[in-house]
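> So the protein lines, in turn, are chains A and H. Counting in the working numbering, the final residue of the first sequence is number 459, and the numbers go up one at a time with none missing. Counting in the working numbering, the final residue of the second sequence is number 459, and the numbers go up one at a time with none missing.
No lab work stands behind these hints: they were computed from the structure. Hints are supplied without guarantee of correctness; some may be wrong.
Below are the DMTMM-like pairs computed for lysine to aspartate or glutamate, each with C-alpha atoms no more than 25 angstroms apart in a straight line [stated by the list, open to error]:
(1) Lys-75(H) to Glu-48(A)
(2) Lys-126(H) to Glu-68(A)
(3) Lys-124(A) to Glu-441(A)
(4) Lys-75(A) to Glu-68(H)
If you want the footprint, here are the derived chain A segments under chain H, 3+ residues with CB under 8 angstroms [what the hints assert, rightly or not]:
(5) 24-31
(6) 47-55
(7) 62-70
(8) 89-102
(9) 128-141
(10) 147-155
The beta carbon of each residue, even a glycine, is placed where N, CA and C say it ideally should be.
Number of protein chains: 2
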Amino acid sequence: MNTLQGWDDTIVALATPPGVGAIGVIRMSGAAALSIADRLFTAKKLSEQVSHTLHVGVLTQQGRSLDEVVVAIYKNPRSYTGEDVVEFSCHGSPFVLQEIVAACLAEGARLARPGEFTQRAFLKGKLDLTQAEAVADLIASGTRAAQRTALQGLKGGFSAELMLLREQLLQFSALLELELDFSQEDVEFADRTKLTALLEQLERSTFSLLRSFQLGNAIRNGVSVAIIGKPNAGKSTLLNSLLNESRALVSDIPGTTRDTIEEAINIENILFRLIDTAGLRDQTTDRIEAAGMERSLEKMRSADLVLYVFDSAEPVDEVIAWKKQAEAASLNFLLVANKSDLVPAASSQAFLSALGNVISIAAKTRQDLDQLTQAMVTHVLKGQFDTEHTIVTNVRHFQALQEVHKALLDARRGLKESLPGDLLALEVRRCLQYLGEITGEITNEDQLDFIFSKFCIGK
Amino acid sequence: MNTLQGWDDTIVALATPPGVGAIGVIRMSGAAALSIADRLFTAKKLSEQVSHTLHVGVLTQQGRSLDEVVVAIYKNPRSYTGEDVVEFSCHGSPFVLQEIVAACLAEGARLARPGEFTQRAFLKGKLDLTQAEAVADLIASGTRAAQRTALQGLKGGFSAELMLLREQLLQFSALLELELDFSQEDVEFADRTKLTALLEQLERSTFSLLRSFQLGNAIRNGVSVAIIGKPNAGKSTLLNSLLNESRALVSDIPGTTRDTIEEAINIENILFRLIDTAGLRDQTTDRIEAAGMERSLEKMRSADLVLYVFDSAEPVDEVIAWKKQAEAASLNFLLVANKSDLVPAASSQAFLSALGNVISIAAKTRQDLDQLTQAMVTHVLKGQFDTEHTIVTNVRHFQALQEVHKALLDARRGLKESLPGDLLALEVRRCLQYLGEITGEITNEDQLDFIFSKFCIGK
Chain A
1 MNTLQGWDDT IVALATPPGV GAIGVIRMSG AAALSIADRL FTAKKLSEQV SHTLHVGVLT
61 QQGRSLDEVV VAIYKNPRSY TGEDVVEFSC HGSPFVLQEI VAACLAEGAR LARPGEFTQR
121 AFLKGKLDLT QAEAVADLIA SGTRAAQRTA LQGLKGGFSA ELMLLREQLL QFSALLELEL
181 DFSQEDVEFA DRTKLTALLE QLERSTFSLL RSFQLGNAIR NGVSVAIIGK PNAGKSTLLN
241 SLLNESRALV SDIPGTTRDT IEEAINIENI LFRLIDTAGL RDQTTDRIEA AGMERSLEKM
301 RSADLVLYVF DSAEPVDEVI AWKKQAEAAS LNFLLVANKS DLVPAASSQA FLSALGNVIS
361 IAAKTRQDLD QLTQAMVTHV LKGQFDTEHT IVTNVRHFQA LQEVHKALLD ARRGLKESLP
421 GDLLALEVRR CLQYLGEITG EITNEDQLDF IFSKFCIGK
Chain H
1 MNTLQGWDDT IVALATPPGV GAIGVIRMSG AAALSIADRL FTAKKLSEQV SHTLHVGVLT
61 QQGRSLDEVV VAIYKNPRSY TGEDVVEFSC HGSPFVLQEI VAACLAEGAR LARPGEFTQR
121 AFLKGKLDLT QAEAVADLIA SGTRAAQRTA LQGLKGGFSA ELMLLREQLL QFSALLELEL
181 DFSQEDVEFA DRTKLTALLE QLERSTFSLL RSFQLGNAIR NGVSVAIIGK PNAGKSTLLN
241 SLLNESRALV SDIPGTTRDT IEEAINIENI LFRLIDTAGL RDQTTDRIEA AGMERSLEKM
301 RSADLVLYVF DSAEPVDEVI AWKKQAEAAS LNFLLVANKS DLVPAASSQA FLSALGNVIS
361 IAAKTRQDLD QLTQAMVTHV LKGQFDTEHT IVTNVRHFQA LQEVHKALLD ARRGLKESLP
421 GDLLALEVRR CLQYLGEITG EITNEDQLDF IFSKFCIGK
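Using the sequences and the accompanying hints, generate a full structural model.
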């Protein structure tokens with residue numbers, strides 16, 4: 001399966017985050033893990049202990065005590081990697097942890113590459129590729145929905161769905177191949193109507209998975225929301241109100257907030273990254289200003305969703321002008337009429353009908369804020385998905401599924417145009433190839449290395 | 001022993017550093033730890049498993065999967081705290097970890113206070129107080145020497161030495177008490193000469209421990225070294241040369257560098273924190289400049305050691321003037337004649353003899369740099385200690401030992417002045433009290449809470 005160097009090495013790495021903590025865990029995997037541990041641990045012979053047991057004692061190197069630790073033993077094949085695994089639970093001093101890793105290296109282990117523990121688990125057949133990728137997703141998960149989809153992936157939920165697709169395709173393929181064997185007799189074993197129905201069903205499943213990617217992407221990476229509008233429209237008030245409104249503020253999770261992101265909130269388990277922009281200047285000024293507006297639009301285009309906030313008392317023409325520009329630029333946007341509490345209901349009604357679909361709120365008093373958040377969620381879900389279905393979160397899976405879908409369409413067209421069976425079979429094999437690449441049944445090493453290189457070290 | 005609230009609660013905390021890692025460990029301790037774990041872990045009944053075993057499965061809360069984890073079980077009293085302890089080894093997502101802690105809280109655990117696991121270990125008699133403090137020291141250790149002294153403390157090395165002192169004092173005390181029982185008969189059971197010899201011996205041991213504190217402090221916190229001198233004396237060159245010279249640069253350990261510290265180096269396992277100062281102006285200028293010099297001296301006084309760096313070609317008078325000022329200010333300093341390679345050896349010799357003890361180096365070419373580092377180490381060790389003896393690293397221990405020493409001196413004076421036995425006994429009881437406080441045999445709760453509050457959460 002692979003010709004890469006170093007798969008027989010015993011590897012070691014710090015598995016817990018860097019920094020000072022109560023404890024730090026060092027993980028070692030490979031044929032020599034137990035014998036290396038035996039040379040460092042003097043209390044008893046670890047290699048003679050039963051798998052899945054814990055042992056307390058001191059690690060020493062050349063007579064020098066390194067730390068008092070708890071050693072966890074997992075014996076091949078009953079371990080994460082499928083190899084012998086030893087974990088040292090140490091006192092959480094970066095210095096002490098570094099010394100213990102160094103001692104393992106001195107005794108013959110080498111430092112693990114990022115994701116190498118999981119890559120070994122994959123190579124030993126403990127996980128398929130989508131499950132291995134779910135491990136990385138779970139570690140990176142920052143919301144309940146991300147956690148759920150990753151856990152579903154880890155349990156093989158996504159793989160199971162793909163397997164089903166694959167089986168149906170194999171069935172189809174078998175019929176075609178049979179037909180090819182008897183091609184000179186010019187019989188059709190494979191009922192063309194049945195085949196067409198099967199292809200249509202496969203195409204629907206694939207398309208449904210493909211469509212789930214937008215949501216999957218939102219679940220995995222969050223939805224960027226640019227809040228824009230003229231000065232004093234109430235953008236910052238809205239931001240603050242949304243943050244207070246949202247009961248699950250996730251911005252306290254380290255790593256959630258990036259440079260360009262102002263605040264992150266969790267609405268119905270979808271992570272929204274709110275970007276508060278500087279107020280837009282009035283559009284009625286000169287051309288230089290218009291160029292500035294163009295630059296702002298440019299910035300907005302990179303957001304998944306734009307909230308255009310305006311004062312309900314503002315002349316409606318300006319809003320209509322902005323809307324036209326946004327539509328021309330194919331922006332995803334919601335029009336948010338703020339300060340609705342300061343405008344008479346009747347005039348507000350006229351206002352709304354002139355604009356079409358507008359969400360009317362009063363950010364300061366939080367009036368109808370839930371209508372806005374609901375619209376934001378609906379925008380992401382597009383009313384078509386719920387988080388209980390299998391969701392594609394991985395770009396690699398998405399791209400492979402796109403190829404599957406394309407091949408399926410080609411096959412269906414072929415069927416329609418009475419393409420010879422051997423050409424049809426070619427299309428079906430293409431589908432099977434792409435599906436196999438997702439789960440790792442068909443792989444190439446570069447791709448594997450790329451996938452695992454994105455893991456953190458120690459996993 | 002204590003009346004504090006909550007010692008019967010089951011406590012939970014993240015034990016690994018915050019942030020994203022391959023794995024994170026959540027620790028739970030208390031009577032309900034196993035039953036709480038049983039409600040979250042569905043694969044098997046954890047409370048029925050043998051102590052010191054590992055179990056793989058999914059944590060679920062109200063039917064919702066939280067994570068696939070490894071559970072480590074330690075049964076009372078064979079655990080760190082002496083209570084039932086459960087450790088969840090989880091995927092290292094801060095979000096997932098937070099969810100699992102929340103699930104434990106929902107099932108009846110409460111968040112652990114900083115150091116509460118170790119405090120419980122102390123209260124259950126698993127560790128004495130100096131051992132518990134050594135746990136915190138080990139976690140904070142940043143050099144091999146700090147690791148060694150903390151591990152020695154953890155193994156009870158320091159306690160053993162104090163126990164010896166205590167036993168000898170108890171012996172002395174017993175003789176005195178005996179004498180008091182027969183006081184009306186005016187006999188002396190306790191041989192005054194023998195008593196004096198015993199007290200002298202105790203005083204010597206205590207004094208030796210007290211003296212070790214300077215080294216202990218250096219080992220634990222590092223030695224601050226201010227590099228000062230006129231502009232162009234070569235201060236920054238010296239700093240760079242020292243940093244390159246030192247093979248164990250420890251400034252890459254997170255948390256080592258603080259705001260005011262420029263660079264940290266490890267010389268012979270002692271951590272030196274080098275502070276490069278702005279060049280001092282020439283002393284020959286006016287009074288306002290002299291006030292500035294005074295301020296610089298003020299800054300230098302806070303350093304453990306000052307390296308005064310000057311150009312070997314510089315007029316010797318200025319160096320002498322600085323030296324006088326430094327001596328008047330009781331600074332710990334070393335005179336460092338830089339650029340020795342640019343000065344003829346003969347003139348250099350004359351120079352040195354005029355100043356007394358000067359270390360001659362050429363920072364740029366690293367000539368004789370080892371003589372300087374040796375002098376720095378000697379300054380810390382004062383030639384009196386080696387790191388193989390018991391070293392006092394803890395301010396609390398140091399202060400208690402100071403009280404012991406004072407009481408011993410008082411007792412000896414009392415003996416000399418033929419103080420009545422009951423007053424002598426009082427002094428001895430004072431000594432015993434202070435020794436008992438160090439190991440935790442005699443404690444008060446405020447003190448305990450203060451000690452453990454400095455621990456990190458999860459330990």
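> Are 3 or more residues of the stretch 24-31 of chain A near chain H, judged by a Cβ distance of less than 8 angstroms?
holds (count 3)
> Taking a Cβ-to-Cβ distance below 8 angstroms as contact, does the stretch 89-102 of chain A have at least three residues touching chain H?
holds (count 9)
> For the stretch 128-141 of chain A, do at least 3 residues have a Cβ located nearer than 8 angstroms to some Cβ of chain H?
Since three or more residues must qualify, the claim that chain H covers the stretch 128-141 of chain A holds, with 5 doing so at under 8 angstroms.
> Can you confirm whether the C-alpha distance between Lys-75(A) and Glu-68(H) stays at or below 25 angstroms?
holds, 19 angstroms
> Within a Cα-Cα threshold of 25 angstroms, do Lys-75(H) and Glu-48(A) meet the stated pairing?
Measuring from Cα to Cα gives roughly 22 angstroms; hence the hint holds.
> Starting from Lys-124(A), check that the Cα of Glu-441(A) is at most 25 angstroms away, please.
holds, 13 angstroms
> Against chain H, does the stretch 47-55 of chain A show at least 3 residues with beta-carbon separation below 8 angstroms?
holds (count 4)
> Holds or violated: Lys-126(H) with Glu-68(A), Cα cutoff 25 angstroms?
holds, 14 angstroms
> So is the stretch 62-70 of chain A in contact with chain H by the C-beta rule, three or more residues under 8 angstroms, or is the coverage claim wrong?
holds (count 6)
> Using C-beta distances, would you say chain H covers the stretch 147-155 of chain A, given that this needs three or more residues below 8 angstroms?
holds (count 5)
The structure shown violates none of the earlier numbered hints.
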